[in-house]
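Chains U and V are the protein sequences, given in the same order.
The letter at position 9 of the first sequence is residue 18 when you use the numbering used here, and the numbering goes up by one with no holes.
The letter at position 60 of the second sequence is residue 69 when you use the numbering used here, and the numbering goes up by one with no holes.
These aren't lab readings, by the way, just hints derived from the structure by calculation.
Just so it is clear, the structure is predicted and the values come from calculations on it, not from any experiment.
There could be a bad hint or two in this list.
Pairs involving identical chains hold if they fit within one copy or between any two copies, as the list cannot separate such chains.
20 Å max Cα-Cα, derived DMTMM-like pairs, lysine to aspartate or glutamate [as the list claims (entries may be wrong)]:
no., residue 1, residue 2
1, Lys319, Glu348
2, Lys375, Glu57
3, Lys282, Asp374
4, Lys218, Glu21
5, Lys64, Asp102
6, Lys237, Asp403
7, Lys60, Asp140
8, Lys208, Asp122
9, Lys172, Glu214
10, Lys60, Asp266
11, Lys319, Asp357
12, Lys319, Glu307
13, Lys278, Glu215
14, Lys42, Glu21
2 protein chains.
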Amino acid sequence: MTTAEIITIGTEIVTGQIIDTNAPYIARILNEKGIQVLFQTSVGDNKELIKSAMKIAMERVGLIITTGGLGPTANDMTRKTVSDVFNVPLVSDKGSYTHIQKYLGSLHVNISDGHKKQSMIPEGAYVIRNDNGTATGFALRQSNSEIVCLPGVPREMQPMLNKYLEIYNSQHKSEEGCRLTRSLHTFGISEPAIDARLKGYAGREEQIKTMTLVHDGIVTVNITATVKTRESAIKLLDRIERDIRKQLGLAVFGMGDETLESAVAMLLKKCNKTIAVAESCTGGLVSDKFTNIPGISEYFLEGIVAYSNKAKVDILGVSDELIQKHGAVSEHVAIAMAEGVKGRSSADIGVGITGIAGPTGATKDKPVGLVYIVVIVDGNIEAKKCRFRGSRIDVKNYSANTALNMVRLKLMQML
Amino acid sequence: MTTAEIITIGTEIVTGQIIDTNAPYIARILNEKGIQVLFQTSVGDNKELIKSAMKIAMERVGLIITTGGLGPTANDMTRKTVSDVFNVPLVSDKGSYTHIQKYLGSLHVNISDGHKKQSMIPEGAYVIRNDNGTATGFALRQSNSEIVCLPGVPREMQPMLNKYLEIYNSQHKSEEGCRLTRSLHTFGISEPAIDARLKGYAGREEQIKTMTLVHDGIVTVNITATVKTRESAIKLLDRIERDIRKQLGLAVFGMGDETLESAVAMLLKKCNKTIAVAESCTGGLVSDKFTNIPGISEYFLEGIVAYSNKAKVDILGVSDELIQKHGAVSEHVAIAMAEGVKGRSSADIGVGITGIAGPTGATKDKPVGLVYIVVIVDGNIEAKKCRFRGSRIDVKNYSANTALNMVRLKLMQML
């Protein structure tokens, strides 16, 4: 089985000024392809340190993927360092040079010396063209090591990684040993409860490992199969996935890149239903999540962030007496909010959320984290009283995901 | 100057199943204390690999900070590995044992063998008590190396890192050489323009380095001072900060952890103004950002996500003819949206945003990324036509930040 190390190059990464998302992205993709990532390393824009990191990686893995350091400035030294470490001169790649010229031309920019440098690759390396920028990528193989250098901008790096993996796949077809991972996302069953259901089962299958991860109330089950070939891994994962889906039932909402909001969006489309949302404590987060989905405008009609009581009364038609009697954070008000937004937008589904996100605003009877969530589909009202823990942002996230999941389950019943 | 490496331990990290935020957090804190982080390494829950990572780190830095692998399960092997690498036996720390018992008692949980293991530390190590969990941390010094092991849960790790740094500070008072970084966040001047203004200046000060980073339109200037003592670093940074602020003027909106929305929230409070927001293409993102700020409910009255034309007409009072004549994505409609939400909420400030986030929805005249943003303060209308590039989510983020910045500048004029 191929082992790999990801080296992310950049002073902004190693000093913590940005959170690197390239390494986890690449690790996930490699893992899915059956390549085992053993290490991730970050190092600043310092030639000697990059060199030492590359040398250590060459000793301990078969495949090194680097990101960053391919820009036009003096701080970009990945090319030169690879040339030194692998003892291969840099040569200008004509095709890349022409591409950079064209790319800059389309932006009405003249090619500079820095940009010219970006067409240089180690002699004998395989060029990985960058369709979204000027940083040429490359893959260089030498005896047992392969190094693949990609730019740090995710939008440029991601398609280039795919291009490399196509080459990789064509070269590694016959390789023995494959590890594949599949992720199933669930909502509504606690992590210990899921662990308990998977436990006895995992012991029976030696080639299978399961791992759970929790994030904003979503429990993800990662199933990893380690077997001889890619085909048998897929077959095994298919069987295990069916089995786990049977055990976890409706709690499973998606796989891989799918999110609760994308699952709901797909169901709205399938059921041809429209939705409108009235939010208080989540402050627009549910609307924001929905509107991250391309094409949602056909199904998502409107969102009201009724933060003040006045807004609840004026826009959503919640009665003043109801707020006086039960308080703005109450099931009655959540229902009135959902009814209000559904009525005024003529949507098929209305959602109402009211609660105390904290850290202030708690009373004796109503602690921080108390949230009421209501979903109304046609005439049918479902209300949930929740008590979430954590920071203000945690409470917002848990509340939004719980609301999305309630909508999802309602729509599932209509299929 | 002390050099450091951060090793994050966990299969979920190295396989990319979670995005690790501990390493950048620790790097930032160490950097602020003048400790230079040279490498970040991630490695899975595999004793031999962890061992090799620790040994490599011992060769290349003076201080190693690890996170993860201190839990109660068989997968948690940081303690045992440190014991092996440093050749020191593990001993039970009485104080930690009592603490774990008490902590679990408060949760009505009995102490298990796994939990007992969590009180074990390498003989001679300094205990770092965990007030938020059962994983005892520790710092072990041996000749030129110091290793500090902390749990992976950020809520537990962060206060423990602070405890360690108090010890570190008391031991390193007289040390020569200190590097401190300060971050200034700006909006409204492009990165190349900022670079150009800082360029000539940076050459004059050898002890100062500046670096710019862009994120969702926000350009952050990191100023690093490398001098003899902490006091002189602070003095130098103060002077440079004043100078840069003078050059960049109103574009500077905050430092360190401050965000555009927190800057606006502070100004709303200072000026005692209320705000309401009508969003189309940003889909609730501006409201969501505002409501992440504790206590904002006094100033943020309501947000309307008027995704459909019907919502723009019904809730915001935008006229049907206006939409027919100019289109929903137009300055006229953005103004009417801002006026509508301001009027209906009686807020001092009204914001209207309409645009095409993409990837669909473009017409011949109106490309993806075209966004109109309007801010009305009392009777004063400011309108901006923007053309953003990137994904749907990029367009949402740029639009939201541009709107927040327009509000900020308006409020600055009122101070």
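- prompt: Against which earlier hints does the structure fall short, listed by number upward?
  reply: When the structure is compared with the hints, numbers 2, 3, 5, 6, 7, 9, 10 and 13 turn out to be violated.
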